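Trainee: Chains as they are written, first to last, in the numbering used here: chain B, 1 to 214; chain A, 1001 to 1703; chain S, 2001 to 2490.
Please note that the accuracy of each hint is not assured.
Simulated pairs of lysine-lysine, BS3-like, Cα-Cα distance not exceeding 27 Å [claimed, not checked]:
1) A/Lys1112 with S/Lys2434
2) A/Lys1112 with S/Lys2154
3) A/Lys1026 with S/Lys2367
4) S/Lys2434 with S/Lys2362
5) S/Lys2362 with A/Lys1026
6) A/Lys1537 with A/Lys1518
7) B/Lys180 with S/Lys2034
8) A/Lys1026 with S/Lys2356
The following residues of chain B were derived to be distant from chain S, with all beta-carbon distances above 10 Å [unchecked claim]:
9) His30
10) Leu37
11) Tyr91
12) Tyr141
Reference listing, derived: stretches of chain A covered by chain S, where coverage requires no fewer than 3 residues with Cβ under 8 Å from a Cβ of chain S [to be verified]:
13) 1132-1146
14) 1556-1568
15) 1683-1696
I should point out that these hints are in silico values taken from the structure, not numbers from a laboratory.
As the structure is a computational prediction, the values presented were derived from the model and not from experiment.
Ideal Cβ positions, reconstructed from N, Cα and C, are used throughout, including at glycine.
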Amino acid sequence: MIFTDFVFYILASILLFAGMRVITSRNPVHSALNLVLAFFTAAGIWVLLQAEFLAIALLVVYVGAVMVLFLFVVMMLDINLDKLREGFWDYLPVAGFIGVLMAGEMVLILGSNHFAIITAVEKSAGYSNTAELGHVMYTQYLLPFELASVVLLVAIIAAIALTLRDRKETKSINPSQQVKVKRADRIRIVKVKSETEVAEVIEPAPTDKPRGIK
Amino acid sequence: MTMQKIYLAIPLLPMFAAIIVGLFGKQLPRATAHVVTILGVGSSFVLSAIVLNDAMTAPAYNATVYTWLKSGTLTFEVGFLVDRLSAMMMVVVTFVSLMVHIYTIGYMHEDKGYARFFSYISLFTFAMLMLVMSNNFMQLFFGWEAVGLVSYLLIGFWYTRPTAIYANLKAFLVNRVGDLGLLLGIAMVLYYFGSLDYATVFKLAPDFAAHTVYIFPHVPWSLMTVTCILLFIGAMGKSAQVPLHVWLPDSMEGPTPISALIHAATMVTAGIFMVARMSPLFELSNTALSFVMIIGSITALFMGFLGIIQNDIKRVVAYSTLSQLGYMTVALGASAYSVAIFHLMTHAFFKALLFLGAGSVIMGMHHDQDIRNMGNLKKYMPVTWITSLIGSLALIGTPFFAGFYSKDSIIEAAAASNITGSSFAYFAVLVGVFVTAFYSFRLYFLVFHGKEKWREAKGDSHHHESHKVDTHDENNHSSTDAERAHDSHDTSHEDSSHEEHHGLSPNDDPHEPGWVVKLPLILLAIPSVLIGYLAIKPMLFGDFFKDIIFVNHEAHPAIEDLTHHFNTVLHTPAGMALHGFMTLPFVLAASGVLVAWFFYMKRPDIPAAIQHRFSLINKVLENKYGFDSFNEKVFARGALFIGNKLWQIGDVQLIDGAFVNGTARLIGKLSGVIRKLQSGLIYHYAFAMIIGVFLFLTFFMKT
Amino acid sequence: MDNIQYDMITALPEIIVLSMAMFILILDLFLTDKTRFFIYVLAQFTLFAAAYFTLTTHTPSVGYSFSDMFVDDALSDVLKLMMYLSTSLILVYTRNYIKLRGMFRGEFYALVLFALLGMMIMASGQSMLTIYMGLELLSLCVYSLVAFDRDNVKATEAAMKYFVLGALASGLLLYGMSMIYGATGTLNISQIAAALIDPTLIQSTGSHPVLILGVVFIVSGLAFKLGAVPFQMWVPDVYEGSPTAITLFIGSVTKLSAFAMVIRLLAQGLQPLALDWQGMLLIMAVCSMVIGNITAIAQTNLKRMLAYSTISHIGFLLFGLMSASLNGYASAMFYIASYVIMSLASFGIVLLLSRKDFEADKLDDLKGLNQRNPWIAFLMLIVMFSMAGVPPTLGFYAKFTVLQAAVQAGFIWFVVFAVLMAAIGAFYYLRVVKLMYFDEPVDHTPIQPSADMKIVLSINALALLALGLMPQSLMTLCAYAITHSLQYPK
């Protein structure tokens, strides 16, 4: 198992590095891309654990959908990150000090082997992680699964309720009204006599007559 | 009707009356307010009299009426303990209350809040009756808080006056301190005795006499001492003992009938009643009794001094009340509980009389309360004059009057007592006799005799010759000290400038108010003369309080000595009175009256000269020994200061300033830039949370 | 693994609330502004129906469902009934307010019902996973409700703060849960409790430090939801910034769910570690009382003052919880129920005094209320007395009962301290009374509440007095809920 250990440490250090870069990078696009890198390495670790479904889901959902969307938003909004990060270096000493202390405490506790987890059992070759996940998700974990769907529903409702709005200044159009419009409402045809040629005589054009479509 | 129904009816009748008048007072015709409440309180009084008559022979009634809730082994219930002590209190409370109800018809007849006022005083009667009839600590506390609440409402009755609001807030805050003591005392009782029922607790008390508790490690305190002192702190708040007395003089901002009913006759004596009721507990601790006695004697003496320099008619009587409450407390300290209760009763009558008399004078003077504007009122208000004279004579302890019997007994009890502090108490009550006589008759002479001073030009009161110094002093203070705002001068000044009553104009004659005012005065004057003569023998030396008040005669022989002296030397109340003419207190009282006459009738220049010469003493008295300004500076400002500081330090500096330098400044600058403000604050909040987690980890981790 | 019981009946109220919330959402599309009142009626009906089915399916015994992740016991039923009742009152109180501010939309009611669903799940959660999902559902709804009035800059700011800090707190909670899972190997609450008293586990793995780590993080996450010091920073800002209708929601009914979560996690799951979390609760209780009561004195904004008052009330609640006995939990439940009733009434009055484009959230707005409307002033008087703990109001008994529990648990000195703090707290409540009765009104606009609101608010405030005189009924209910649901020897 030397090789898998080796791969794990490589992936883990990339993951940590990418995570650090997410918060220290000056450019928001770099931050987002670093996050993508972090997701990739995390997916790699899952593959190592033979959780291929989770790895794929992570790539498809987070990297494929969420992060791309996120990148769009970051690029479209002109966020001045420097302004947001103002005072970062003022905070760093105190926050870093507390952070290091806390990390130290947690290493002390978690470093020793206190967990009650039994060592993992190697599954046979035909074992399908995906099928197993699907099975427990729709049986044993049905309730949390359904609740997760409600949470997503609420997220959609909330997002729509908070963003969809009729501002007075918007020029958006109402499709149903647009469809109902009849020709008669919009155009008026005015018959104008075709100009007859009057030889050699130039008359001034009448000013009070409408011409063409109003 | 069984007795139990009567007991129930006595407090409930005034309560129903209060509810009817309180809720529908505005819709019903004006007269309904007094008719309904007087009917309620009147029937209560009649029933109380029946109960007292019954209690003279029947054994004590002690039963639960209603169980509020059960919580584990603990039960909270409403119950009545009706014995001769509570029956007597019931009669006193309902009688004085009835008188005040009648009197109020005259006193408040112009006031907008007529119905509201009647509702409050009936409600008060209910609460006070519940307090005295209680058979457990819980109901005692309930009654205690309820009378406090009504008192609070009534002090602020004229809520448009800023001084009334101030006084009312002060009464409330000071009483909270006392109530905290009482509550802790009750908590001690509950914790150690496991019950709130009087009978159970009293039965268990002797077993705990030697019990000690550790409030601080390794320092044993006697359980009974701690409990009794805590309970007494409650009594100090309600019965206005030094240093929790500061609210009572200010409570005079309320209408006068209230001063008579609540702040003289009934509520303020609740503390005295409570200690007497708890006699089985207090008897077990000499330390607590000494504490009681010393506090009482300080109050009796030093509050009397303050009465001398007051110029507001009600404040003089208020300080006299404080001093008399001190006398009762001294009696309690001397284990002469029956004497204290006896004085409580006689005092209720003559002090209510004096207050109502003062109220009558105030009405006659068109709501001018400054005694320097009065004089020779005997010519215009004969009934008020005679009854006030009777009240004053009773107060200073003239033989044969009610006050003589009770006050003389207190002095004797202080002399006979042998606990720590009794010699000081004896000295204090003796000097107090002189002081009492002096200020009572100073008031009497200035009001009822001498020149008709209101005929001098209006507004002169500030430049009155004999008080020049004193006025000058006040003006100096008024800018710096908020207390001054409602001191006597300024009050009268404010009243005359803001209210519709302008005092009497120089050409008017004062008139005595109608019968509704005179009748209570006369009815109160009768017991002020007679009750002492009639009641002393059964109450002090008979079996009246047998099995109700417990005295350890071996340790505290005062009451035993008194009885012995009475039975062997005096024999009858009349004999006691005749003997009284030859004792030191009588000489002191008589000289007090004489000095007052000489100073204020004969040579009014002397007090001014004294004031001038001894301006330091005068200043100390003017400042009421500095209690008020001390409280204001230390407690009031302290609490506000801590509140502000914590807000500043906790919210602004600790989080923003200490950890993140200069963010407080940033917040002020960037209040417009909301986005920045948001992120800044969230950082801090989140950081505070992380710190919290970190501290928990550090404290609770045991690896 | 396949013979899992799905006893849908146990979750019937949840199913009703969920279906109705979605139905309201769809129905709203077909309603115009004039007929939208129907949504309100439907929401009230939903609460009624849920209450009806909660009552009819109630048994004193404990029923599990959804592979033991969901429990239907006395505690969950009683808490749910309290939640329906308070939500119903909230809907009555807020109707007019949200109408005047353009928030009277179908989404509002749908979000409130979804939030209610989240709270119901928290009350019934028997697995750390379900409890966490319920909490997230509730939080998400509340965040968006705070920001619901979109043109209100203050509210948006408050929502932002609440969201970020809430996410952090959720993270802490989740981290703690993962530690407990790591040490015990199960997510199920009762199995955790069983594992913790299993001596082989502790000895063989020596997992105590990990458990403490988990407890610290779980307690921190819970403390955030309750608003206990030092996790209270969001409370004043969010209370002040939110539209009062939402403050009412956050300040009242959500506290019931936070209480449910505390009972489920600490009292049911981590009871064997009580000695460890008692100390944390004690520190938080004391700090909350000090910071809450003393800071409240310096406030001029009524909502902010009530926010600090909430913090101090939470301090008292923690006193009941830290006794770690059945008696203590019952008293804490009594306290939280009383607090919710008081909080509903107090914010209800603030809502009632608010008008279009005017929030009555300054203390000065209460000045001279007695002259403007004596009845409402009287109701507020009762509420303030109850909050201050003046007998015979409910607030007094609530304080008394938690302190009694604390005395029994041996925290005598802290009880004395708490009494002192309550005395300090009385000051700022009574200042409100003083403002109402003794000051001249600044604002003379007549107060015209709708009839239903006035009646319900009166009943709500008078209940403080009535229940204060007869607290036994509510106490019995709380004791019943606790003793029938927590199954360990006292």
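Trainee: Which earlier hints can't be squared with this structure?
Mentor: 2, 5, 6, 8, 12 and 14
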